[in-house]
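Chains as they are written, first to last, in numbering that gives the first Met the number 0: chain F, 0 to 474; chain E, 0 to 474; chain C, 0 to 474.
Hints in this document: simulated from the structure, not taken from any laboratory.
Treat the hints with caution; some may be incorrect.
Any copy, or any two copies together, can satisfy a pair, since identical chains are not distinguished.
As the list claims (entries may be wrong) - In silico BS3-like links for lysine-lysine, alpha-carbon gap of 25 angstroms or less:
id, residue 1, residue 2
1, K385, K397
2, K224, K347
3, K385, K58
Please read these numbers as outputs of a predicted model, since none were measured by experiment.
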Amino acid sequence: MGNCCERAANFFGPQKNTYIRVSLPAVCFVWQIAMVVLFGVFIRYDEESDEKGWNEFKKSHNITSNIENDFYFRYPSFQDVHVMIFVGFGFLMTFLKRYSFGGVGFNFLIAAFGLQWALLMQGWFHALDPVTGKITIGIESLINADFCCAGSLIAYGALLGKVSPVQLMVVTLFGVTLFAVEEYIILDLFHCRDAGGAMVIHTFGGYYGLAISWVLYRPNLNLSKRLNGSVYHSDLFAMIGALFLWMFWPSFNSAITNHGAGQHRTVINTYLALASCVLTTFAISSMSQKKGKLDMVHIQNASLAAGVAMGTAAELMITPYGSIIVGFCCGIISTFGYLYVTPFLEKKLKLQDTCGIHNLHAVPGMLGGFVGAIVAATATEEIYGKEGLIETFDLTGKFENRTMSTQGGYQAAGTCVAIAFGLVGGVCVGFILRFPIWGDPADDFCFDDEAYWEYCFAQFMSHIVVYYQLLEALS
Amino acid sequence: MGNCCERAANFFGPQKNTYIRVSLPAVCFVWQIAMVVLFGVFIRYDEESDEKGWNEFKKSHNITSNIENDFYFRYPSFQDVHVMIFVGFGFLMTFLKRYSFGGVGFNFLIAAFGLQWALLMQGWFHALDPVTGKITIGIESLINADFCCAGSLIAYGALLGKVSPVQLMVVTLFGVTLFAVEEYIILDLFHCRDAGGAMVIHTFGGYYGLAISWVLYRPNLNLSKRLNGSVYHSDLFAMIGALFLWMFWPSFNSAITNHGAGQHRTVINTYLALASCVLTTFAISSMSQKKGKLDMVHIQNASLAAGVAMGTAAELMITPYGSIIVGFCCGIISTFGYLYVTPFLEKKLKLQDTCGIHNLHAVPGMLGGFVGAIVAATATEEIYGKEGLIETFDLTGKFENRTMSTQGGYQAAGTCVAIAFGLVGGVCVGFILRFPIWGDPADDFCFDDEAYWEYCFAQFMSHIVVYYQLLEALS
Amino acid sequence: MGNCCERAANFFGPQKNTYIRVSLPAVCFVWQIAMVVLFGVFIRYDEESDEKGWNEFKKSHNITSNIENDFYFRYPSFQDVHVMIFVGFGFLMTFLKRYSFGGVGFNFLIAAFGLQWALLMQGWFHALDPVTGKITIGIESLINADFCCAGSLIAYGALLGKVSPVQLMVVTLFGVTLFAVEEYIILDLFHCRDAGGAMVIHTFGGYYGLAISWVLYRPNLNLSKRLNGSVYHSDLFAMIGALFLWMFWPSFNSAITNHGAGQHRTVINTYLALASCVLTTFAISSMSQKKGKLDMVHIQNASLAAGVAMGTAAELMITPYGSIIVGFCCGIISTFGYLYVTPFLEKKLKLQDTCGIHNLHAVPGMLGGFVGAIVAATATEEIYGKEGLIETFDLTGKFENRTMSTQGGYQAAGTCVAIAFGLVGGVCVGFILRFPIWGDPADDFCFDDEAYWEYCFAQFMSHIVVYYQLLEALS
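Full structure from sequences and hints, please.
Take a look at the structure:
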């Protein structure tokens, strides 16, 4: 059987360069040991997860019930976000007929590394105690760490099937680092609101992945064309991912918004926008084919674009019909993107974007940033109440006197920062990934789990071989 | 390859009538634009999701903590219900070997449309402010909207594989409308309790679907017989749907029950009934086959019947062993239904019920309505406490003096109303769907994703062709 | 077609002994009726789920808000645990190419029975009211019942594909009984802390399954070797189970820990350990193969070992970096187990462990027990605060004066009790299962759904037959 496996594997030419027996374990071990050391030096429980700290916190804040612990406000949303990161993103990327292991497996690896590194990077920028020099973490840190991974997982969508797991670890290392910096600029310096990360997660992640993919352009990728597609059941696996993303997106956008009405409203807005997006996605998908048939790629992807585009505005008073309008437009824009823009980018800009993250993350994220800017600029005390306006935009301290139009301007500027970080960071990381040491597959060996997974595809391939031999014999 | 696709597609005869390139986009766009307008006119945030409103609400109700926002009582259950609607119902309907895209995809479409229309319809009947003329929505509205969709999704179960997506939109439009009316009669006028919707969701949805299917009877459906069945992996996909329904049914029944002991008890009752139901389902399934082998259809469906049948009674003091007895009976009744009643209905009543919703929703729902009536009629102050009885049955205002036996009578009457609405409404909608404009497939082209999905089954079919050619050649 | 099915089924020899048409229904019916009777005699709602009781409880405890009901502290975690039991364990066991129905289906059956029996057994030992003679149940009881099932489901992992469903019911009946006794000894008599069940669930369940499998050794199991493996899509189904287990393990470990900081900290610790474990699992998996390719078996299983190993210590102040170190070691140990220990056990100890529970549950569980002992022994008032130490270890009543080193000693002793109960109990149950009345499959008919599921594999098999015939003809 082993012999048969090997013969089958050689059928389409020799495997180049995909030897990762040294590099992958080395990267995993060294970086994980670094995590142990850095966590030992820096990371501690925050006062709501520390046994002693919480008892003191309750006394000092006159809290009588444990239900006031932030844990109970955030944990259900956290678990939904966690499912989106690992099952949502992971299974959405199983749609390729023979790269499903790589889709869900490498997603697992890079998210597991990324969230540790994110706790450190985000901690240094946002939660470093100047006195003790420690970072304290709680449930909100875990949600933010998952968010931070999402940026790199989005980038993976553009690279799916064309890079090695070692390269993906590098993408994640730099992706998380860049994320933490741009997030610091956008959320802290610019004092923008972006609870669902339309700017910091989706715009950044989208352009980061596209820039990397552009640098890593493969002129002969059509040699792997036969595998760059789905089969019936791989599309169903991808549908699992798509639906969990779609269903839990209200949790994604509301996970770190303000307690009470803030989380409540964010859920309503996201829920409505996503529902609306589904209908326009089906409409455009059906219109685009001569017999009106639907395309699974659109249903799996474009129907999610509204969640991205509501990332900033969902926590604001965008109104229910405002949300529906955003969803309406996103379904159209994103499906058009899959139909016309992705092929255009590939032909004209030499940009190969396997999952079409340009249409699902980059453009809707950018759109979401600007929608957020408009909704922020038009916010008034009449709508939010004096107290509500201050709470929603956190206009305290040195931002006390910021006007709403200024806020809107900063929101728009934040979107531009996210794009810039994505593009520039992506190009730099792309050049790093071009060193010939990472074990990436040859052009004729892309989109193939055979490269990195111990699995015998002989049975699968032999079926195809048999079929063609028979067709020939019968003709 | 395109040529090969076409040849393969023509193998079993020409495709009739399934051109939906105009009708589906038209329906999606027009109805979605109507939603935008109607939401703009009618829908606003309620006081717990409105920034200003919540701050005022807290002051006027002397609430100090945001955790008192209804959001934190309902959101975890809401997300479970959401998963049931989209992954539960969706994947349960992927069991057909070649209609999995249609099962999960059209479920997605009609639920996304249905929940928007449900927010409006239910709002007009239950939450229209007479002063402002606005409907205010919060987390409980979203749960109810999901519930309302469930009625139409159940109906889809009877129609699976035999209708076009445009027809399904029509089914949903009328289904949601009828639902809102019967719900208003049962819950408001009759003042019944039906938190999990045994009557309003399952009985109505079941008979609605059956009546439609009866009107749409296809005498030559056996021409599509070869596709009306499962393959190994499609049954596993369906098992994903079945398990998520089974696991989250306690959330379904408890999502809108009273805070505190009400939600708590509903979960316990539903959990126990479902567990009990699994054992009798396995028992009857094994007894029914000569070698004692189990049938996946029973396991996927009949084990859920207890959740349906507990829809009304779960929030009442039915006692743990009462719940187990209900589950015990449901497993038996539902499995017998799959074994004997569904074939009987098809042969004698000319009623084609693809998913067997008669056994999973219609009969258990009706049963649940009557169980609820009995448990309500036997409720006493001794069991509930004076305060508890008033709270549980909401006996305030003009219902202050209603006796428990009267309540029981109204519950029973409510079940009959649900049946009547389902049957009459379904027959009417069925006749509408018989107009030859909807793009439904011909009798020999049912249960086939080829009709509405851009997908090349040539590879799949060629395998079968090769196999038969070879069998012939060898014989 | 029936004829063809039968021919195909006889292809690899006659089916022996798998007639369960009498025994399975009998066991299901009789045991379920026993449940009805026992629940009727013993089980009642507790004061937080009883309508009258909760109103009285609120008054007597001066509680004004329903949010103080334990339901709101536990329900989100409960649902996550529920998903782990039914989808997590169920789908993890679908990895075999032709035993996926049995994996997920029998998991469903035994968990549904086990949780009812667990409510009774655990109730008698922990919650029997000496005055009324009743067991009162609430949300925590449901979580504990799910936990209790997990012990038997773990044991099923070692037996997967080699036993009949009737045998599995017997395994569960005794498994739950033994579990309740060892749990009583460890948690009540020894007064150990073991919120995530490293000892009581995983160590016990692991050794229980291994001991049964050892007694049921099948010398000719290699006759079924062709089916003891995965295919591409069955590995993806298993990945669904693995990911839901991985994502929800923080909920598993925190589901019954103390409110407030306790649950909060448990989640953080488990989350970090699991992330760390993924990286070392990938590293060792890659190192073990000559080309550095990854093995799905390791990714699906070894990456979960950290959750097991944190079962005891996660609720303690193990520190974030302590958690990461535990995860680091577990990934290495567990993957080595799959590579070297499982083959060794099979060859030398005649121990056939289908899912490798030795590496995923038995060893990590034992390790977790000892880690917990160390962390407990080193606990100080300085770290926990005086109040926190008493709360965390529940040092009240007769345990008021227990020192931390004594506590550590008891924790270690508890681990040994769990091992002893697993091994001795497993051997006894194994001998019971050797009676020739249970309908288990012959050695050449293992790992095959054909034995217990009404399903025609003719199509599947014919493809293989065709393939070999053609290969021969062409050579």
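Which numbered conditions among the earlier hints are violated in the structure presented, ordered from lowest to highest? none
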